[in-house]
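Mind assembling these two chains? They're in different frames, but the hints should get you there.
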Amino acid sequence: MGALSDFSVLRPASAADAVRLRGEHPTSRFIAGGTDLVPNMRRGLVSTDIVIDLGNVGEMRELQHQGGTLRIGAGVTLATLAADPRVRARLPALAQAALCVAGPTHRTAATLGGNLCLETRCQYFNQSESWRQGNNYCMKLAGDTCRVAPKSSRCYAAFSGDVAPALLALGAEVELLGPQGIRRLPLAELYVDDGMRWLALGADELLFAVTVPLVAGRVSGYEKLRVRGAIDFPLAGVAVVLRRDGDALGELRIACTGVSSRPEFVGGLDALAGQPLDDAAFAVIERQIKRTIQPMETTTVSVPYRRRATPVLAKRLVRRLWDEAKRR
Amino acid sequence: MKTLLTLSVNGRPREDAVAGNALLIDYLRDTLGLTGTKQGCDGGECGACTVLVDGQPRLACCTLAHSVAGRSIETIEGLSHEGNLSRLQRAFHEHLGSQCGFCTPGMIMAAEALLRRTPQPSRDEIRAALAGNLCRCTGYVKIIESVEAAAGCEEVPA
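So the protein sequences, as listed, match chains A and B.
Heads up, the first sequence stops at 328 in the numbering used here, and the numbers go up one at a time, no gaps.
Heads up, the second sequence stops at 486 in the numbering used here, and the numbers go up one at a time, no gaps.
Worth flagging that the hints you see were computed from the coordinates, not collected in a lab.
All residues carry an ideal CB built from backbone N, CA and C; glycine is no exception.
Incorrect hints may appear among the rest.
[Stated by the list, open to error] To give an idea of the chain A side of the interface with chain B (calculated C-beta under 7 Å), a few residues:
(1) P39
(2) N40
(3) G55
(4) G58
Chain B extracted, bound-state conformation (with noise of 0.2 Å):
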């Protein structure tokens, strides 16, 4: 049975009926249609469907939609502004972060989290928060190196 969810989505406030069964990363993509939340192992293996919920990192596929009723959500999509890539999408751009792609969102989102809690993480720090971002491309090496750039640690090429 659908009801009313009531949320915030990438800042914008929304109402939608949603069934009591759907998940949040299905509310994503099917709903709105926000397809940059990938859908990886969708068992809460893999990170791929990391969003932020009123900040904090969380998997799209382990969440109810309605479990995160009243709260603010951000999407990969929420982050460029005004068609400008953020300092993570640009430092994950210019350092070869992103090979396919797949993980990409999730590592960013999860990336963005630590970066407003920690603006200039140890590289230590950095890979403790993503330890739940599998990356079956980059070899995880040119991802930390991207979060580095992103924080400020190296210089951004102009």
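The following block holds chain A by itself, in its conformation from the complex (with noise of 0.2 Å):
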């Protein structure tokens, strides 16, 4: 790893502060755990001449039950959100999902907003200055074309996130606080199909909170494909919310990450409600979330393996919570 840039740390009290210091220095960066933002400027990834740390940030730190949601602070670090007994008991897909972000020393500094924002990866990519010189550099820093798709006008860098498909298919809503105040907005309008560009947010607006709806009757859960049990980011990851009614799906929520430039929320499964969980259920689970994601090379591990290995995960999980539904 090479030596960190030249640049000074701000490190604001506050959250408006923070948002202040934004504006004031347009080309600062936020950071809160560092353990993705750190590694990729020591690689020449990423370059600021200014830090704003929102280590001081109290505010960004809660977690509070509001009538039937949870609202958490986009500060909260991976760790407490993965022990934290309301999340393991009312959105296990969240906690399981937060479980499995790289390893634990990873997890006491790394931050649900940093995880939701992390830097879309690919092997091209996450790479030393001299290895991406060779390749005469991609599309997504110092180079014109993308090495996963090089007839491409876009780059294909894959969206690794492992909290966000969870928050997707648990419904959940994002607050960007700005010059101008809070807005609020579905978690899925945050993500932008494009590996360069995969944030819709303002150049001046900090994600502050998520708040995630307390549905009554749902089980959830996340599973994720790795070469490794712990610090690999996902080959595939994929969350399932799930109501049943008696021997009929109630709900069907699927999303999926590690496969596409942004995570993906599976369309098409509404008309699965009122139906059984049979082979015919299964095929219209499988053909939609082969509709959704596009692998690319963007990592080692093939293309036709995590096309075909993604609904697998899917369905072996659909198939876990339906069991554990009908314990209830």
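So this is what it looks like as structure tokens:
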């Protein structure tokens, strides 16, 4: 790893101050846990002259039960999220996804907001300067061609955060804090299907909090495909939220990560409500997932494998949750 | 530009002029000379640089020094007491948990955080707590046995 370039650190005490500083310094970057940003800065993938450290912003570390929702500050660490009894009991997909991120020494620092805004990844991008130079760079940084799709006019780097699909499946909203105040939008609208500009976050906006509805009768879970049991980013990740009405599906919501430039909510599953979970239902699940995802050669693991494995992960998880819902 | 960093390292309050872009690992090793914290992969993938920040295991190679201002840092050097090895250090020595030794400080600090949180961990809990720490020598069995020994899960020879 290379040395960090010269920058100064600003440590605001409030989110409003953080946003004001961001407005005053357009080339600055927010930093929270730093577990993704610091290695990227050391590889020369990200450069800045001013870092705005959010570590002193206590209001972003609050986790509150408000009526029928759980409001989670973007500064809550993934370790806290994975261990919180309310999250584990009511939103198990979120707790499981948080527990799947990297290793335990990352999760004590890494935050919810950081994982939701995670830089997209690609085997042609997350490399040393000399490696990238030897490959004549790529579109995402310093080059003009996407190495995984050379004829494409866009970058296909993969979004690889684990928490986003869980929150998409759970129907979360995000609060974005800007100079004009808070703007709320469904989490799905935070993302853009472009490896270079994957966040619809304004230049002076800060991801402030996430609100997750607590819906009675739902069971949920998250499954991750990776080479090792820890540290690795997902080759594919699937979150499932399921509600069972007797022997029929009441509700089925699925979202994926690691297989597109944004976390993808799988559409077209509404028609399964009221239907039994039979072979025809599993065929619909597989078809809709394959229609939604677009794995590319962003990792060393092959595209056909990830394309086949993603619906397998989903179907296993749906089956497990279906049985779990019956036991309740 | 250097600015004043105030924090506690191994129980001692410190004030040092530290550059904004200094990493915690560079501050510990280069400014304070605490070279027990190892620089392994240097990219957050091996856990050799694990230290405790307010009792929580953190990767010093991914942490800006100024981001831990006002916090309490513990390194491997802070574990021994009056020249005596800590229970984990002694267990790693006696149960061959250390071979080349490069991963050992990180392993011990991650295990120390576990034993403070869970004094009698199961084998699965030990494996989960050390999942972010890589060792290329031992195959992990001796490391896990060492942590079990330190936790009193088996008799420690006198």
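Looking back at the numbered hints, which does the structure fail to meet, lowest number first? Structure breaks hints 2, 4.
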